[in-house]
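J.: Model the full assembly from the supplied sequences, consistent with the hints where possible.
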Amino acid sequence: MSVNAASVAPPAATARGRRQTLWSKAAWKFRRDRAGMIGFGIVLVYLVAALGVWFGWWATGWAEVHGGKWSPVSGEYWFGTNLIGQDIYQRSIYSIATAFEVGLVVAVLSTLLGAALGSLAGFFSGRFTDEVVLWLMGVLDSIPFYLLVAAIAFALEGNAYAMHIAMISTFWITTSRLVRGEVIKLKNLEFVEAAHAIGVPEYTIIFRHIVPNTLHILLVQATITFVAAIKSEVILSFLGLGVKDGMSWGLMISESTLEVLAGFFNNFLAASVLMFGLVMAFNMFSDALQDALDPRKVS
Amino acid sequence: MELLQYTIRKLLAGIPLILGVTFVSFLLMVYFGPDQTYQLIGKNPTPEQIAEVRAQLGYDKPFVVRYADYLRELGTLDFGFSDSTGEKVSVLLGRTIPVSLALITPGFILGNLVALMLALIAAHHRSGWVDKMIMGLSVVGMSISFLIVVIAFQIVFSSSYGLGLFPVRGWNVHSPGDYFAYVAVPTMATVFVALGYNTRFYRSVIVEELTRDHVRTARAFGVPPARLLYRNVLKNCMIPIITRIVFSIPLIVISGALIIETYFGIPGVGKVTFEAITSGDQPVLKAVVGLTALLFVLAQLVTDILYRAVDPRVSLK
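These protein sequence lines map, in sequence, to chains A and B. The numbering used here puts the first residue of the first sequence at 1, with every later residue one more than the last. The numbering used here puts the first residue of the second sequence at 1, with every later residue one more than the last.
FYI, nobody ran anything at the bench for these hints, they're computed from the structure. One should not assume that every hint holds.
To be verified - Derived, one-sided and incomplete: chain A residues facing chain B with beta-carbon distance under 10 Å:
#, residue
1, 84
2, 153
3, 241
4, 263
No residue lacks a Cβ here, since even glycine has one placed at the ideal position from N, Cα and C.
T.: Following this line, the structure appears as C-alpha cells:
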C-alpha cells in the first residue's frame with residue numbers, strides 16, 4: 001500500500017540462502033505493511049476470545065438472568081445489563097465466537113464452491129458447462145439478497161443453517177467470476193499444454209494444476225467474504241432471519257432497538273464497537289493481503 | 001434501426017434469465033414457501049373445507065400449471081390480490097413504489113456523486129496524505145454495519161437524546177418541508193454507507209486510468225489537472241462506473257430500502273416485501289421477484305446501450 005514498501009526491493013535471498021518463491025515475497029511484503037499487521041494482530045486477539053468461548057473458558061453465563069433491568073456499568077457487570085438483566089459483557093464476548101463461526105463457515109464453503117464452479121466454467125469457457133454456470137450466476141444475482149435468504153429460511157423450515165446456506169449461495173458468485181477470468185488466462189499457458197500433451201486427465205489438470213494457481217485470488221476473496229458474512233448476519237438477525245439459537249451482535253443490536261429510544265445505549269454500543277473492531281481489522285488485513293498477493297494491483 | 005435490432009436481440013437473450021429467476025424464486029417461495037391454508041380456515045375444519053381453501057389458493061394444481069400461471073401473471077402484470085390485506089397487488093405496488101423512490105433517490109444520487117468527487121480528489125493526490133485520509137475514512141465507512149449507522153443516526157439527529165431535529169419515524173408527507181424532514185436522516189445514513197464502498201471502487205478505476213500512456217502524454221502537453229481529470233480520465237472510466245450505477249438500481253428499487261423502511265416505519269415497497277416474506281403473502285412476493293428480474297434484464301440492456309453512448313468503439317453487434 002505505502003510507497004516505501006513498494007519501492008524497496010525484497011532482499012535477493014534470505015540469510016540461509018533459501019530460494020525465493022512468490023509466497024515468500026508476498027509474506028515479506030505483507031510483513032512490511034503496518035496497517036495490515038495491526039489488523040492481523042487485532043484479528044488474532046478476537047480469535048483468542050472466540051476460542052475461549054468455544055472451550056468454555058469465559059462468557060459461559062451469557063444467557064443467565066441475574067442483575068436488575070438496565071444495571072449501569074460496574075465491577076460485576078462490565079458493560080451493564082440488558083432489559084431482562086443479562087450481562088451485556090458476556091453476551092458481546094460470546095457473540096465473537098458466533099461471528100467467527102458464521103464468517104468461517106460461509107467464507108470457506110463459498111470460496112470452495114466458487115473455486116470449483118469458476119474453474120470449471122473458465123476451463124470449458126464458451127461451452128455448455130460455462131453457459132450453465134454463467135446463467136446460474138445471473139439468476140442468483142438477480143434475486144434480491146434478503147428475499148433469497150427469507151425464501152431459503154422458509155423452504156428449510158427454520159433450519160439453523162438456513163442463513164449460512166443463503167449466504168453461501170450468493171457469495172460464491174463473485175469468487176467464481178474472478179476465478180473464471182483467471183482460469184481462462186491460465187489455460188492457454190505452456191504448463192497446461194504440456195500436461196495435455198503427456199495425457200493428464202482434464203479434471204486433474206483443472207484441480208491439481210490450474211486451481212492452485214488461483215490461490216491468491218481465493219485467499220483474498222475468502223477474507224472479503226468473511227467480512228461480508230459478519231455484516232450480513234447483523235442485518236439478517238435484525239430482520240429475524242438470522243441466528244436462531246445462541247447470541248450474536250445482530251441479535252444484540254436488534255434487542256437494543258427497543259432500548260435506544262428509552263435512552264439505554266450499553267447493548268447497542270457494546271455490540272457495535274466490538275463488531276466494528278473486528279470488521280475494520282479484517283478489512284485492513286484483507287487490503288494488505290491483496291497488496292501482497294496481487295503483483296498487478298495499482299494502488 | 002441498428003439500435004432497435006440490438007434491443008430486440010438483447011431482450012430475447014434476457015428470457016433465459018427471467019425464466020431462471022422466476023423458476024428459482026417460484027420453487028423457493030411458492031412451492032416450498034409458507035402454507036396459508038390454516039390461516040384462512042376456521043377451527044375444526046372438515047377435510048372438504050381444507051380442500052376448498054387449498055383449491056381457492058391454487059395449492060391443489062400441479063407444479064407446472066402453477067408455474068405457468070405465474071408466468072402469465074408476469075406477462076400481463078396482473079398478480080391478483082394480496083393474501084393478507086386483500087388489496088390488488090398492482091395497486092399496492094403502485095402506491096408503495098413511489099414512496100420508496102422518493103425515499104432513496106436523494107441518497108443514491110448524492111452517494112454516487114460525492115463518492116466520485118472524493119475519488120477524483122484522492123486519485124489526484126495519490127499516495128499523499130489527502131489520499132491516505134480519504135481512503136482510511138472509506139475503510140472505516142465500509143466497516144460499520146448499515147444497521148448500526150441507521151440506529152446511530154436516528155439517535156443523534158432525531159431522538160430527544162441527540163439533536164432532535166427530525167421526526168423519529170414514520171412517513172407523513174404533505175408538503176416539500178415534510179418530505180425534507182422525513183427523508184433527511186435516511187438519506188444521510190445511505191450516503192454515509194455508500195461513500196465507503198463507492199469511493200474505493202471509483203478511486204481504483206480512476207487510478208488505473210491515470211497510469212495509462214495517453215494521460216502521461218496529456219500531462220506532458222501541459223493539460224491542467226482539472227481538465228485532465230474530467231476530459232481524459234473520467235470519460236474513459238465511464239464504463240465501469242455506469243455498470244455499477246445501473247446495476248444497483250433494480251436492487252435499490254425493490255429491496256434496497258428494506259432496512260430503512262422497516263426501521264423507520266416508512267410504507268414503501270421494501271416494508272411491504274418484508275411483511276410479505278414474514279406472512280407468506282405469495283401474490284406480493286411473486287410480483288416483487290418477477291419485477292426485479294425484469295428490471296435486471298432492462299438494466300443489462302441500458303448499460304449496453306450507454307456503453308455505446310460513452311465509447312464509440314463499442315459496437316452493438
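J.: Next step is simple, just say for each hint if it's right about the structure.
T.: Consistency of the hints with the structure:
1. Because the smallest distance between the Cβ of residue 84/A and any Cβ of chain B comes to about 20 Å, over 10 Å, the interface hint for this residue is violated.
2. Satisfaction of the interface hint for residue 153/A is found here, the shortest Cβ-Cβ separation to chain B being roughly 9 Å, below the 10 Å cut-off.
3. Because the smallest distance between the Cβ of residue 241/A and any Cβ of chain B comes to about 8 Å, under 10 Å, the interface hint for this residue holds.
4. Using the Cβ-Cβ criterion of 10 Å, the hint placing residue 263/A at the interface with chain B is satisfied: the shortest such distance is roughly 5 Å.
When each numbered hint is compared with the structure, a violation occurs for hint 1 only.
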